[in-house]
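Top to bottom, those sequences are chains A and B.
When you line the first sequence up against the working numbering, it's residues 1 to 265, in that order.
When you line the second sequence up against the working numbering, it's residues 1 to 477, in that order.
Just to be clear, a hint being listed does not mean it is correct.
Over the 12 Å line for every Cβ pair with chain B, so calculated as not near, a few chain A residues [as the list claims (entries may be wrong)]: (1) Phe102; (2) Asp113; (3) Val129; (4) Gly141; (5) Leu173; (6) Val174; (7) Thr211.
Simulated crosslink set (DSBU-like; lysine-lysine; CA at most 30 Å straight-line) [to be verified]: (8) Lys11/B x Lys452/B; (9) Lys192/A x Lys31/B; (10) Lys177/A x Lys452/B.
Which stretches of chain A does chain B cover? Using the computed rule of at least three CB atoms under 8 Å from a CB of chain B, they are [what the hints assert, rightly or not]: (11) 51–57; (12) 64–74; (13) 226–234; (14) 245–256.
These aren't lab readings, by the way, just hints derived from the structure by calculation.
The structure displayed is predicted, hence computed values, not measured ones.
Beta carbons: idealized from backbone N, C-alpha and C, even for Gly.
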Amino acid sequence: MSATPSSARPAHPRVGLFVTCLVDLMRPSVGFAAVKLLEDAGCVVDAPVQTCCGQPAYNSGDRGTTRDLAMRLIEAFQGYDYVVAPSGSCAGMIKAHYPELFEEDPNWRAKADALAGKTYELISFLVDVLGVTKVGAAFDGAVTYHDSCSGLRELGVKRQPRKLLASVEGLTLVEMKDSDVCCGFGGTFAVKYSDISGAIVEAKAKNIEETQAPTVLAGDLGCLMNMAGKLSRDGRSIQVRHVAEVLAGMTDEPPIGAAKAKAIK
Amino acid sequence: MTVHSTSPQFKQNAARALNDHQLQKALGNVKQGFIDKRQMAADKLPEFEALRDAARDIKNHTLEHLDLYLESYEEKVKASGGHVHFARDAAEAREIILGICRETNAKTVTKGKSMISEEIGINHHLEANGITPVETDLGEYIIQLRNELPSHIIAPAVHLNATQVEEDFRRVHTHLDAKRDLSEPVQLLTEARAVLRERFLAADVGVTGANFLVAETGTSIIVTNEGNGDLTQILPKTHIVLASIEKLVPTLEDVSQLLRVLARSATGQEMSVYTTFSTGPRRSTDADGPENYHVVLIDNGRSSMLGTAFEEMLRCIRCGACMNHCPVYHAVGGHAYGWVYPGPMGAVLTPSLIGVDKAGHLPNASTFCGRCESVCPVRIPLPKLMRHWREREFERHLTPATVRSGLQLWGFFAKRPGLYRFATRAAMGALSFAGRQRGRFTWLPMAKGWTKYRDFPAPQGETFQQRWKRERSGRAA
Ligand code: SF4
Chain A
1 MSATPSSARP
11 AHPRVGLFVT
21 CLVDLMRPSV
31 GFAAVKLLED
41 AGCVVDAPVQ
51 TCCGQPAYNS
61 GDRGTTRDLA
71 MRLIEAFQGY
81 DYVVAPSGSC
91 AGMIKAHYPE
101 LFEEDPNWRA
111 KADALAGKTY
121 ELISFLVDVL
131 GVTKVGAAFD
141 GAVTYHDSCS
151 GLRELGVKRQ
161 PRKLLASVEG
171 LTLVEMKDSD
181 VCCGFGGTFA
191 VKYSDISGAI
201 VEAKAKNIEE
211 TQAPTVLAGD
221 LGCLMNMAGK
231 LSRDGRSIQV
241 RHVAEVLAGM
251 TDEPPIGAAK
261 AKAIK
Chain B
1 MTVHSTSPQF
11 KQNAARALND
21 HQLQKALGNV
31 KQGFIDKRQM
41 AADKLPEFEA
51 LRDAARDIKN
61 HTLEHLDLYL
71 ESYEEKVKAS
81 GGHVHFARDA
91 AEAREIILGI
101 CRETNAKTVT
111 KGKSMISEEI
121 GINHHLEANG
131 ITPVETDLGE
141 YIIQLRNELP
151 SHIIAPAVHL
161 NATQVEEDFR
171 RVHTHLDAKR
181 DLSEPVQLLT
191 EARAVLRERF
201 LAADVGVTGA
211 NFLVAETGTS
221 IIVTNEGNGD
231 LTQILPKTHI
241 VLASIEKLVP
251 TLEDVSQLLR
261 VLARSATGQE
271 MSVYTTFSTG
281 PRRSTDADGP
291 ENYHVVLIDN
301 GRSSMLGTAF
311 EEMLRCIRCG
321 ACMNHCPVYH
331 AVGGHAYGWV
341 YPGPMGAVLT
351 PSLIGVDKAG
361 HLPNASTFCG
371 RCESVCPVRI
381 PLPKLMRHWR
391 EREFERHLTP
401 ATVRSGLQLW
411 GFFAKRPGLY
421 RFATRAAMGA
431 LSFAGRQRGR
441 FTWLPMAKGW
451 TKYRDFPAPQ
461 GETFQQRWKR
471 ERSGRAA
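This is chain A alone, in the form it adopts within the complex (with noise of 0.2 Å):
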């Protein structure tokens, strides 16, 4: 399934958010960012009641229980012309693998087929659905981006950040090496394997550093939280925060993993 061509776009479309249960619970200002990101561009956006997309489960090799999530979730967001994630990983889910779910099920599978269509990651659904070019938001000094597994590799989330954060007042963008390389999140893994997801993000942590930008972004909150407690771990004072804060102009609330700033008047 394609976008809905531009042409036959309402000029208003209906955002159904899905604003994943990390944002949901961790970082709810990463929901509020996208909301605003999509209200500027011209959004009706409702998020109606929701849980998760079922990727731990899937990713465990339970297949029933995804399903069972997977119902609900196609049903919910059943009404809107869009679907929209401020995630790579859940979106993906969504979209590369729902219809999966159902192969032997045509009429679920019909269902599944028609939410991947029109389910799209937050900030390419902006650039490539909407034709945004431009964010009004600034912000100041150098940041560096991750280019987060599941958005970049199963939705072609690449250029889209870049292009947006260009377009960021007072930022600078420095590329780290190995942008595109698994920070070692990996859902479960993380706590599974984690000797070996520690090792990964400290390389992450790495690169991270040697670009001497003093803010990390990327867009997906799993990734972002296991890159933050890494930094964190070792004593770096290197923000952490989600894409859409920043093209969104909402940094008011303390980065991933800082303590709440104290009100100094």
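Using the hints, position chain B with the ligand against chain A.
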């Protein structure tokens, strides 16, 4: 099963590898060299992506008609004066090879690099029967001296440095001057060449693997960079080709397509230095070649993969690109995988060959970053196949109990949105309150694996859905 496997101890193997400084240094070299070279080779060839599609299609077509192509291949080999033996498993293959060696009263067997020979553990079997196998590929020669398995399918000794090789040479080549200078890699190479030259001349049987077997001509093809394979198959009286059944390819034209992606994916070369074709024994008009030509076609678990989800794995042309691009392989190296085949291709193939009960860790020890699939020249969906293994483990209750019960609990809440919102609201509120001072946790009871190496960021407090309801309910359409 054939070669002893330490795959069940994958975690311990990995932990040891991570603490091995010498190994970590050696692995650093894998990371860049192979990757950059492959990328350059791919960039230089505009049709590279189309060639990958063609390579996939050729292998798929062959697998669909494997019986026919095996038959045709066998006929052609026989017509050219060679012998074809079918081995169902490793034990049968070892007996066939031993039988051929005994017929010729062989004392010494030279060997070209062959992963299937590692898989069936032929060296130990020959030794146990009084025959001396000599590996002639430099990397294989070195690991044979060390009694190790290869740690990489195209660079078997990539886990070692020159000092270690020097020590091995001094330990084994005791007939040479103890004071000789071996400080330069080229001196090691020269010494290995000199030692091996004598072995080549003395060999009674030469054993090689095969990168491809051509059904239309009965030809076996090896690609090498050292030329050792040629000497192995030409000098002795008897040449034995070992190949697993999925090496079949219909035509020479197909081979030429596959060769174009093989070397580029493996080492970034346009072609390997030597691409050697052999068809039957020496003819009267040939200047050289073996008198006897045998092919041992080995199944050892392949045919039971046909017609299953894992059939796609049989497209593998053993280029090594998947491991060269794998962050897990980069972290722990090949030996941690505990059997013959490491990296992503090993994580899929090993459970098929030795059982998922033994090799269950391998398909789980992946972040699913997808880099392997993005470089595989025959487009094997490696992460998808690893996930299939996880599904089988889950179905067969091989998934660790802690993971299972954690998943069940999480699934219980995730399927009940109302309860989920209530429970998560309470949990995140508490977690945020507990972490408010520092914004992170250095230890959490449920996530010890996580907090061993990194902090756990504290949640902001209110959940998105809570705040959305409060701020927006009724506002949005
Ligand atoms: S799985 Fe693909 S990339 Fe890996 S060795 Fe086989 S052909 Fe090469």
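* Asked: Can you give the numbers of the hints that this structure goes against, from lowest to highest?
  -> Every hint satisfied by this model.
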